[in-house]
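K.L.:
Starting from the structure of chain A, add chain B where the hints point.
Protein chains in written order, with the working numbering: chain A, 1 to 111; chain B, 112 to 229.
Treat the hints as calculated values from the structure; they're not laboratory data. Computed from a predicted model, the values in this text were never measured in an experiment. Where is the CB? At the ideal position from N, CA and C, for every residue including glycine. There's no promise every hint is true.
[Said to hold, decoys possible] Straight-line Cα separation of at most 20 Å, PhoX-like style, residue types lysine-lysine; simulated pairs:
(1) K125(B) / K98(A)
(2) K42(A) / K152(B)
(3) K42(A) / K166(B)
[Claimed, not checked] Here are the in silico distance ranges between beta carbons for each label pair:
(4) G16(A) / G164(B): 50 to 56 Å
(5) K131(B) / G60(A): 45 to 51 Å
(6) P197(B) / R61(A): 37 to 43 Å
(7) P82(A) / D176(B): 18 to 24 Å
(8) A78(A) / T193(B): 46 to 52 Å
(9) A29(A) / E198(B): 31 to 37 Å
(10) T58(A) / K177(B): 28 to 34 Å
One-letter residues, chain by chain:
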Amino acid sequence: KQEVTQIPAALSVPEGENLVLNCSFTDSAIYNLQWFRQDPGKGLTSLLLIQSSQREQTSGRLNASLDKSSGRSTLYIAASQPGDSATYLCAVDGGYNKLIFGAGTRLAVHP
Amino acid sequence: GAVVSQHPSWVICKSGTSVKIECRSLDFQATTMFWYRQFPKQSLMLMATSNEGSKATYEQGVEKDKFLINHASLTLSTLTVTSAHPEDSSFYICSASSFRTANTGELFFGEGSRLTVL
Numbered sequence: 001k002q003e004v005t006q007i008p009a010a011l012s013v014p015e016g017e018n019l020v021l022n023c024s025f026t027d028s029a030i031y032n033l034q035w036f037r038q039d040p041g042k043g044l045t046s047l048l049l050i051q052s053s054q055r056e057q058t059s060g061r062l063n064a065s066l067d068k069s070s071g072r073s074t075l076y077i078a079a080s081q082p083g084d085s086a087t088y089l090c091a092v093d094g095g096y097n098k099l100i101f102g103a104g105t106r107l108a109v110h111p
Numbered sequence: 112g113a114v115v116s117q118h119p120s121w122v123i124c125k126s127g128t129s130v131k132i133e134c135r136s137l138d139f140q141a142t143t144m145f146w147y148r149q150f151p152k153q154s155l156m157l158m159a160t161s162n163e164g165s166k167a168t169y170e171q172g173v174e175k176d177k178f179l180i181n182h183a184s185l186t187l188s189t190l191t192v193t194s195a196h197p198e199d200s201s202f203y204i205c206s207a208s209s210f211r212t213a214n215t216g217e218l219f220f221g222e223g224s225r226l227t228v229l
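Just chain A, same shape as in the assembly:
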């Protein structure tokens, strides 16, 4: 059974810092890995999608890497801003677009 773990569970940093959020999964047989952002009481915003054949994806200040064989992904946020404060969720697709989510990392960026 696939399990997704995210570390740390919470993170509080001053504005401007570069951040690394970690995600690990137990079964390497995945089709893709996705990173989402969730604001309190809201739905999910897709940030990055990495196909199983890819090693990384970049969007603006965000960069996500995937090491499928070791079951790990990292989300790198450069030059963090208060507007980045949210919960970041990692999810893996084991087939048929059925996502298995981690519990998330709650990020607070203070001015």
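P.N.:
Leaving out everything else, chain B in the frame of chain A:
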């Protein structure tokens, strides 16, 4: 494009009543829709997968008679929580895949519906 709308965004009901939550794809036809529930500060858990015109497929441990899913058209899926109890209080989120993105894994999520059962 690719907007998914959920309604209502929040609902409060009395124990024993039934509540229906709608999930609509506004500008695309959804091949498949998914329903998730999320408890406070916990992860999203997949409840069921629905395809238009066929019965939903429920994940292990999800009561299909408790959570009725109907997918009557390519743009609408509904989740009905029957005889709701306080333990059903949760945040329910739907997502949809389109014909165009079905093979890429890209999914579009609704804004979620918060259910509180008194």
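K.L.:
Please write out, lowest number first, the hints stated earlier that are contradicted by the structure.
P.N.:
1, 3, 5, 7 and 10
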